[in-house]
Amino acid sequence: MIGIVRAVGAVGRNTREGIITLGFFFRFLLALLARSGAALRRPRLVFQQIHFIGNYSLVIIAVSGMFVGFVLGLQGYYTLNRYGAEEALGLLVALSLVRELGPVVTALLFAGRAGTSLTAEIGLMRAGEQLAAMEVMAVDPLRRVLVPRLWGGIIAMPLLAAVFSAVGVLGGWAVGVGMIGIDQGAFWSQMQNGVDVWADVANGVLKSVVFGVAVTLISLFEGYRASPTPEGVSRATTRTVVAGSLAVLGLDFLMTAIMFGG
Amino acid sequence: MASASSSTADAALRFEGVAVGYGDRTLLSGVDLHVGHGKVVAIMGGSGSGKTTLLRAATGQLRLKAGKVSVLGQDLGSSGSDGLFGLRKRMGVLFQQGALFTDLDVFENVAFPLREHTKMSETDIRERVLGKLEGVGLRAAAHLKTAELSGGMARRVALARAVVMNPELVLYDEPFAGLDPISLGVTAQLIRKMADELGCASVLITHDVDESFAIADYVYLVGRGGVVAHGVPADLSASDDPYVKQFLRGEPDGPVAFQYPETPDYLAWLARQQGGRR
Chain A
1219 MIGIVRAVGA VGRNTREGII TLGFFFRFLL ALLARSGAAL RRPRLVFQQI
1269 HFIGNYSLVI IAVSGMFVGF VLGLQGYYTL NRYGAEEALG LLVALSLVRE
1319 LGPVVTALLF AGRAGTSLTA EIGLMRAGEQ LAAMEVMAVD PLRRVLVPRL
1369 WGGIIAMPLL AAVFSAVGVL GGWAVGVGMI GIDQGAFWSQ MQNGVDVWAD
1419 VANGVLKSVV FGVAVTLISL FEGYRASPTP EGVSRATTRT VVAGSLAVLG
1469 LDFLMTAIMF GG
Chain B
821 MASASSSTAD AALRFEGVAV GYGDRTLLSG VDLHVGHGKV VAIMGGSGSG
871 KTTLLRAATG QLRLKAGKVS VLGQDLGSSG SDGLFGLRKR MGVLFQQGAL
921 FTDLDVFENV AFPLREHTKM SETDIRERVL GKLEGVGLRA AAHLKTAELS
971 GGMARRVALA RAVVMNPELV LYDEPFAGLD PISLGVTAQL IRKMADELGC
1021 ASVLITHDVD ESFAIADYVY LVGRGGVVAH GVPADLSASD DPYVKQFLRG
1071 EPDGPVAFQY PETPDYLAWL ARQQGGRR
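Protein chains in written order, with our numbering: chain A, 1219 to 1480; chain B, 821 to 1098.
The set of hints was computed from the structure by calculation and includes no laboratory data. This one's a predicted model, so the numbers in the text were calculated from it and none came from an experiment. Positions of the beta carbon are idealized from the N, C-alpha and C atoms, including for glycine. Careful: at least some of the hints might be erroneous.
[Said to hold, decoys possible] What follows is a list of derived Cβ distance ranges for each label pair:
id : chain 1 : residue 1 : chain 2 : residue 2 : range
1  : B       : A967      : A       : R1245     : 46 to 56 Å
2  : B       : Y1086     : A       : T1447     : 41 to 51 Å
3  : A       : H1269     : B       : A1054     : 27 to 37 Å
4  : A       : F1478     : B       : A967      : 22 to 32 Å
[What the hints assert, rightly or not] If we take Cβ atoms under 8 Å as the criterion, some of the chain A residues that face chain B in the derived model are:
id : residue
5  : A1351
6  : V1354
7  : P1359
8  : P1446
9  : P1448
10 : E1449
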């Protein structure tokens, strides 16, 4: 009986803590948005962050894009060949990447690479009293440190997703045209005719912007609320990967459903 | 209460009946202290006595449980966030570990407050920053990354950053902790030199007796939940108060017991431990 009471109590406690955390998360979002105007008046700080955050993830995203392109080329050919439609391989590879795999896989890799770096950086800045030092220097750390990183992440994500998709298309081309021997002209012309700028590319860009907001915000939030200890920072980076990845997959389902509905 | 300066009008920092603590726990209460302009005042006490908490109260990072803190003539409690930020621009704080920004090099760390709060030209910033770095003997280290600095060098860079805006009040949190004898002596002399040259009030939060007594104009000793003693260094050195004598001579036992006192929580834990082993 006591065990059941404790279990129910734990469920209630965890639910309450989850709701409180969600409340803090949205207050954190509003605080960053409220400070965005002042921070964006110093674009140099945002450009620096786009450069840093992009550099964190560029190599892993380009290499992953290439391998995903290779696999799409092979698997796509296997399926299309059954229906004699292997010339549509270019279209299949491009649509898969631009609409879905580019934004989603980029965001997942971003959470694991740049997201964890952001969390650890902010967490260690807190642990080393750097954020407190800024406050007593009359500098708002949210405006000076976190807002440029948020916008850096939001802008870097679609750029990285574009790199992922572009390299993936080249990977699909290398396998389809170079290895299997599909007609080069058909590969590119099918892609050119079948990919719509608004329905496909713009939707993909919109997804990656939303993922950029979600993953960067989660990374910063977890770093900002991390306990100022090695264990606290370690836990925060883990939470970034878990929460960031789940948020990406959940938001992807929602947005895909809405876009299909539209 | 006697203080570092007799007049209250010229106080750079003033505590009146202040109580501070965390949560339900009050660390210090009834604290009255006064720091005059241009004076070096040391606040001393053992580890955990609440010295750093007093510093946090002076910078407005901590809400008071009672009393009033005035900084540069303004009541911190009645200053809004804009007023607090305005006061902080006139203060410098040296953090215990330096708190240098790890993503910036030495020059940019010192230049940081100038870039944030002034519209000085790049030439003026370079001149001011290199001048402050020269003051702490690290002009030629301006290009180094913070990871390349020793503990003593990092403390000196942080000192240059704390005074780069020519503040009227500088607060030093454990400026001598973990320094080798040479760095310790250099840091102590720098603090005195800064106070004399800039005319700023300086507050040292420390437990290092020799160095503090050598440079301080006035000393407050905190412990046992409040200010235990205060006076000029010579008076405290001659004090017969058992607590003061124990602290200044570093005696292991006395009014501050060597053994951590037993608490109900400890006794309950001990009973559980003993019960579990049977």
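So, going through the hints one by one against the coordinates:
The hint said 46 to 56 Å for the Cβ distance between B/A967 and A/R1245, and at roughly 34 Å that hint is violated. At roughly 23 Å, the beta carbons of B/Y1086 and A/T1447 sit outside the given window of 41 to 51 Å. The hinted window of 27 to 37 Å between A/H1269 and B/A1054 is violated, with their beta carbons roughly 58 Å apart. Roughly 51 Å separates the CB atoms of A/F1478 and B/A967, a value that falls outside the hinted 22 to 32 Å.
Nearest Cβ of chain B to the Cβ of A/A1351: about 4 Å, under the 8 Å cut. The hint holds. Checking A/V1354 against chain B: minimum C-beta separation of about 5 Å stays under 8 Å; hint holds. With a cut of 8 Å, the hint placing A/P1359 at the interface with chain B is violated, because the nearest CB-to-CB distance is about 11 Å. A cut of 8 Å between beta carbons decides the hint on A/P1446: the least distance to chain B is about 12 Å, and the hint is violated.
A least Cβ separation of about 15 Å between A/P1448 and chain B goes past the 8 Å threshold, and the interface hint is therefore violated. Residue-level restraint check for A/E1449 is violated (minimum Cβ-Cβ distance to chain B is 19 Å; threshold 8 Å).
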